[in-house]
Amino acid sequence: MSAAGLTPAKRAAITAIGFAGLLGVAWTIVAVLTSSHASPEWLILTLLLTIGSSFTATGMYAWARRPDSWFGLQLSAVGLAWFATALAAADDDLLFTIGVLVGSLYAAVIVHALLGFPTGRLRSRGERVFVVSVYLLCVVGPLLMLLVTAPDPDLPRNVLLVDANDRLADVVDAVLRGGSLAAAVGATILLVLRWRRATAPERRLLAPVLWSGAATTAGLALSLTGQLLNLPGGVLNVFDFAGLFVFASIPFAFVTGIVRANLSRGQSVGRLVARLGDAEAGRGAASLRDALAIALHDRSLAIAYWMPAGGPGGSAGPAGAGGERDGAGGRYVDAAGQPVALPEPGSGRSFTEVEREGRRVAAIVHDASLDEEPELVRAAGAAAALALENERLDAELRVQIAEVRASRKRLLEVVTRERRRIERDLHDGAQQRLVALALTLGIAEHQVASDPEQAQALIREARDEARLALEELRELARGIHPAILTDRGLGPALEALASRAPLPVELADVPAERLPPPVEGAAYFVVAEALANVAKYAAASHAEVIVQRVNGHAVVEVRDDGVGGADPEAGTGLRGLEDRLSALDGRLAVFSPSGRGTTIRAEIPCTS
Amino acid sequence: MARTILIVDDHPSFRSSARRVLEAGGFAVVGEAEDGASGYAAARDLRPDVVLLDVGLPDADGFRVAGCIKELADPPDVVIVSSRDPSDFGPLVAGCGACGFVAKADLSGDAVAALLP
Numbered sequence: 000m001s002a003a004g005l006t007p008a009k010r011a012a013i014t015a016i017g018f019a020g021l022l023g024v025a026w027t028i029v030a031v032l033t034s035s036h037a038s039p040e041w042l043i044l045t046l047l048l049t050i051g052s053s054f055t056a057t058g059m060y061a062w063a064r065r066p067d068s069w070f071g072l073q074l075s076a077v078g079l080a081w082f083a084t085a086l087a088a089a090d091d092d093l094l095f096t097i098g099v100l101v102g103s104l105y106a107a108v109i110v111h112a113l114l115g116f117p118t119g120r121l122r123s124r125g126e127r128v129f130v131v132s133v134y135l136l137c138v139v140g141p142l143l144m145l146l147v148t149a150p151d152p153d154l155p156r157n158v159l160l161v162d163a164n165d166r167l168a169d170v171v172d173a174v175l176r177g178g179s180l181a182a183a184v185g186a187t188i189l190l191v192l193r194w195r196r197a198t199a200p201e202r203r204l205l206a207p208v209l210w211s212g213a214a215t216t217a218g219l220a221l222s223l224t225g226q227l228l229n230l231p232g233g234v235l236n237v238f239d240f241a242g243l244f245v246f247a248s249i250p251f252a253f254v255t256g257i258v259r260a261n262l263s264r265g266q267s268v269g270r271l272v273a274r275l276g277d278a279e280a281g282r283g284a285a286s287l288r289d290a291l292a293i294a295l296h297d298r299s300l301a302i303a304y305w306m307p308a309g310g311p312g313g314s315a316g317p318a319g320a321g322g323e324r325d326g327a328g329g330r331y332v333d334a335a336g337q338p339v340a341l342p343e344p345g346s347g348r349s350f351t352e353v354e355r356e357g358r359r360v361a362a363i364v365h366d367a368s369l370d371e372e373p374e375l376v377r378a379a380g381a382a383a384a385l386a387l388e389n390e391r392l393d394a395e396l397r398v399q400i401a402e403v404r405a406s407r408k409r410l411l412e413v414v415t416r417e418r419r420r421i422e423r424d425l426h427d428g429a430q431q432r433l434v435a436l437a438l439t440l441g442i443a444e445h446q447v448a449s450d451p452e453q454a455q456a457l458i459r460e461a462r463d464e465a466r467l468a469l470e471e472l473r474e475l476a477r478g479i480h481p482a483i484l485t486d487r488g489l490g491p492a493l494e495a496l497a498s499r500a501p502l503p504v505e506l507a508d509v510p511a512e513r514l515p516p517p518v519e520g521a522a523y524f525v526v527a528e529a530l531a532n533v534a535k536y537a538a539a540s541h542a543e544v545i546v547q548r549v550n551g552h553a554v555v556e557v558r559d560d561g562v563g564g565a566d567p568e569a570g571t572g573l574r575g576l577e578d579r580l581s582a583l584d585g586r587l588a589v590f591s592p593s594g595r596g597t598t599i600r601a602e603i604p605c606t607s
Numbered sequence: 000m001a002r003t004i005l006i007v008d009d010h011p012s013f014r015s016s017a018r019r020v021l022e023a024g025g026f027a028v029v030g031e032a033e034d035g036a037s038g039y040a041a042a043r044d045l046r047p048d049v050v051l052l053d054v055g056l057p058d059a060d061g062f063r064v065a066g067c068i069k070e071l072a073d074p075p076d077v078v079i080v081s082s083r084d085p086s087d088f089g090p091l092v093a094g095c096g097a098c099g100f101v102a103k104a105d106l107s108g109d110a111v112a113a114l115l116p
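Chains P and W, in that order, give the protein sequences.
Just so we're aligned, residue 0 is where the first sequence starts under numbering that gives the first Met the number 0, counting upward by one.
Just so we're aligned, residue 0 is where the second sequence starts under numbering that gives the first Met the number 0, counting upward by one.
There may be inaccurate statements among the hints.
[As the list claims (entries may be wrong)] Here are the in silico distance ranges between beta carbons for each label pair:
1. W:R19 / P:A507: 50 to 58 Å
2. W:D34 / P:E452: 18 to 26 Å
3. W:P11 / P:R459: 19 to 27 Å
4. P:P515 / W:P11: 40 to 48 Å
5. W:A23 / P:P515: 50 to 58 Å
6. P:R473 / W:P11: 17 to 25 Å
7. W:D109 / P:A538: 50 to 58 Å
8. W:A36 / P:A538: 35 to 43 Å
[Said to hold, decoys possible] Residues from chain W shown here face chain P by an in silico Cβ test under 7 Å; the list is partial:
9. H10
10. S12
11. S16
12. R18
13. V20
14. A23
15. S82
16. K103
17. A104
18. L106
19. S107
[What the hints assert, rightly or not] Calculated from the model, a selection of chain P residues having no Cβ within reach of chain W, i.e. all distances over 12 Å:
20. R120
21. G269
22. A340
23. P342
24. R404
25. D427
26. L436
27. L440
28. E474
29. G594
Since the hints were made in silico from the structure, they are not lab data.
Here a beta-carbon is modelled for each residue, glycine too, at the ideal position from N, C-alpha and C.
Let the hints inform the model, and build the full structure from the sequences given.
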C-alpha cells in the first residue's frame, strides 16, 4: 500500500473522521434505543450502523491508500451523513428537525463520490452543475417541506414550521419527488456514459464501484417512479429494500475491486516474469512491449528508453537538446533510437519511470487510468527492469550505430570535398603559374639570340612566376597537413598559424609534450578553422587560443571578442570539424551568444 | 597574310602569355574570351581562322563549345588547349570536331600550326 502524499494534515483528518464515525455509532445507538418514535428499532439500528460504519471505514481506508484522491473523503462523508440521519430518531425537537433537514444529504454526497470516482474530481462543467443541483435539492427541498409541514402528533415538534399548509406541502412534495427522480435518472445516465467513454484498462478499475453505483441510482429512480405511479406499498417496500441493499454494497464493491486488483496484480506480474523468461530466447523490444501490455491490460502501452546525456547522440552542445523531459541530462528514445516525448498530464496518457540499481532505465507510457494502480505498474516495471535495461542498451547501441553511420558518410563527403578543393587549387594556382612559366621560357628561348635583353627580362619574369608557384604550393601543402606540425608539434604549428592570422591572436597554455598525431592534427585544424571563421565573420579585434590536457583529453578553446551569433549547423566547415572529431570520439561545442563573442571548444580523447 | 586566331580561356594570365607566344609564332590574335558563351559569340562575329579553346571553362565544357563552334557556317579550325594531359580526356578530343590538342606548357605558334589541316 502506498502512503505517498499522506501529509500529517491528511493523517489528522483521517483520524478525526474515525472519531466522528465512533461518535456517530454511539449517538445512533443511544438515539434509536431511547427514541419513542423510531420503530422497528433493531432494523433501523442495523441499517444505520452497517451502512454508516462501512462507508466511513472504507472511506478512511481509501483516503489513506490514495491520499491524492478525494474519493476516500467523499465515501467517509457519505457514512457520516448517513449517521446524521439518526438525529431524526431523537425525541428532542431541535435535533429531530435537524435530522429531517440533513436526512437526504448522504444521497447528494454519494452521487458526488460516484461521478468523481476514482480521483474524486468531477470532469466537466456539466457534471459540476449537476452535482451542485443535487446538493441544493437535498438541502433546500427538506427545508421547504419543514417550513410548511406539521409532523404527525406522535413525532417531536418541527421547530422550523412557519405555517402548516397542506396544499402548499403537496406542491412542494410533488416538485421534490420530480426533482429526485430527475436526479436519480441523470446520475444513472452520467454513470453509464462514464463507463462507455472509459478505456479498457480504465473499465477494469471502474467496474465494481460504477456498477453498484449505477444500480443504486437506477433503483432509486425505480422506487420514485413506483411512488409516482402509486404502486401498492408491498412493491414499494421491495424496491426500497433492494435499493438500500445495493447502496450498502458500494463500499464492499470498492474493497472487492481493490482485492481483485491485488490478486490480479500478483498473477499479472507472475505471468509477466514467466513470459519474460520465455522471451529471453527470442529477445526483442516488441516481445517485451507485448509482455508488459498484456500484464498491464493496456494494448496501447509503449516503452521509452532513457538515453543519458554524454552517451551516444548526446548533443555536443552545452545543454541536452530536444524537447524531451527534464534537465537531468538525457532524453527518451524509442526502441529504434528515435527521440520520443513523454505524455503531458491531462492528455489521457501517463507514464511510470522504471529504475534499476538507482539509475533511470525506461518509462512505461500507458493509459492514464493505470495511475490509479501505481503498485501494479511499478511491480511490472520492477519485474521487467533487467529486460528493459537490456533493451535500453540495444537502443543505445542503435543510436550509436546510426550516429557512426551518419558521421562516416559525412566524413567521406568531407574527404571528397577536400580532394576536389585541392585539385581545383592546384589547377587554378600553381599549375597556371607553371604554364605561364613554361610559355615565358619558350619565348625567351626564341629571343635569346635575336634580342638578348628582352630574353633576360623574360627570364626574370619567369623566375618571379616560379617563386609565386612555389609559394602557392607551400600554402596548399600546409592546408593538407602542415609540415611544422609533424616535425615540431602543436605549439610551434599554432604559433605559425597565429602569426599568419589577420588579427592579433594570443596563444596560451599549449602543452609542451607531443600528443598522438591524430589528436595534434584535429586540434590544429580546429584552431585553423576557428581562426579562419573569426577572420571571415566575427568582426573581432582579438582572439585567444588555449590548449590544455584535462583528464586524458586535449581541450582546445578558441575565443574571440566579435559579434557572436555563429550557427554551428550553418557552415560546412564546423560540421566537417565535428565529424573529424567524432572519428576520434571527440566533441565540439560552440558558444556564440549574439553580441558576446564566440567560443569554440573541442574535447579530444588522448588515447594513442 | 598571318592567320587569325581567337583565344578562349578563363585565366587572364594564360591569355596574355598565349597572346605573346602566338604573336611571336606568326599568328594575328583577333580576340580573347573568358568563357564558353562569349567564346562562341566571338567565333561567330570575328570569324577567326583558328580558335584556341580551353577545356575547363567556367560556364561550359570546352568540348561542347567546340561542337557548337563547328556547327557555324564555314567554321574555324578548333585547337583544344589544357593544362592537363590529353590522355586525361580519352576520346573526347577526337570526337568534338577539334583538329587537335596542345598542352598549355607546350603552346607555341609552330605547335598550333602543325595541327591545322
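Hints and how they fare:
no. : hint                        : verdict
1   : W:R19 / P:A507: 50 to 58 Å  : 53 Å, holds
2   : W:D34 / P:E452: 18 to 26 Å  : 37 Å, violated
3   : W:P11 / P:R459: 19 to 27 Å  : 20 Å, holds
4   : P:P515 / W:P11: 40 to 48 Å  : 46 Å, holds
5   : W:A23 / P:P515: 50 to 58 Å  : 57 Å, holds
6   : P:R473 / W:P11: 17 to 25 Å  : 23 Å, holds
7   : W:D109 / P:A538: 50 to 58 Å : 55 Å, holds
8   : W:A36 / P:A538: 35 to 43 Å  : 38 Å, holds
9   : H10                         : 5 Å, holds
10  : S12                         : 5 Å, holds
11  : S16                         : 4 Å, holds
12  : R18                         : 10 Å, violated
13  : V20                         : 5 Å, holds
14  : A23                         : 6 Å, holds
15  : S82                         : 5 Å, holds
16  : K103                        : 4 Å, holds
17  : A104                        : 4 Å, holds
18  : L106                        : 6 Å, holds
19  : S107                        : 6 Å, holds
20  : R120                        : 73 Å, holds
21  : G269                        : 75 Å, holds
22  : A340                        : 49 Å, holds
23  : P342                        : 57 Å, holds
24  : R404                        : 34 Å, holds
25  : D427                        : 8 Å, violated
26  : L436                        : 8 Å, violated
27  : L440                        : 9 Å, violated
28  : E474                        : 18 Å, holds
29  : G594                        : 39 Å, holds
Of the numbered hints given earlier, the model fails hints 2, 12, 25, 26 and 27; all others are met.
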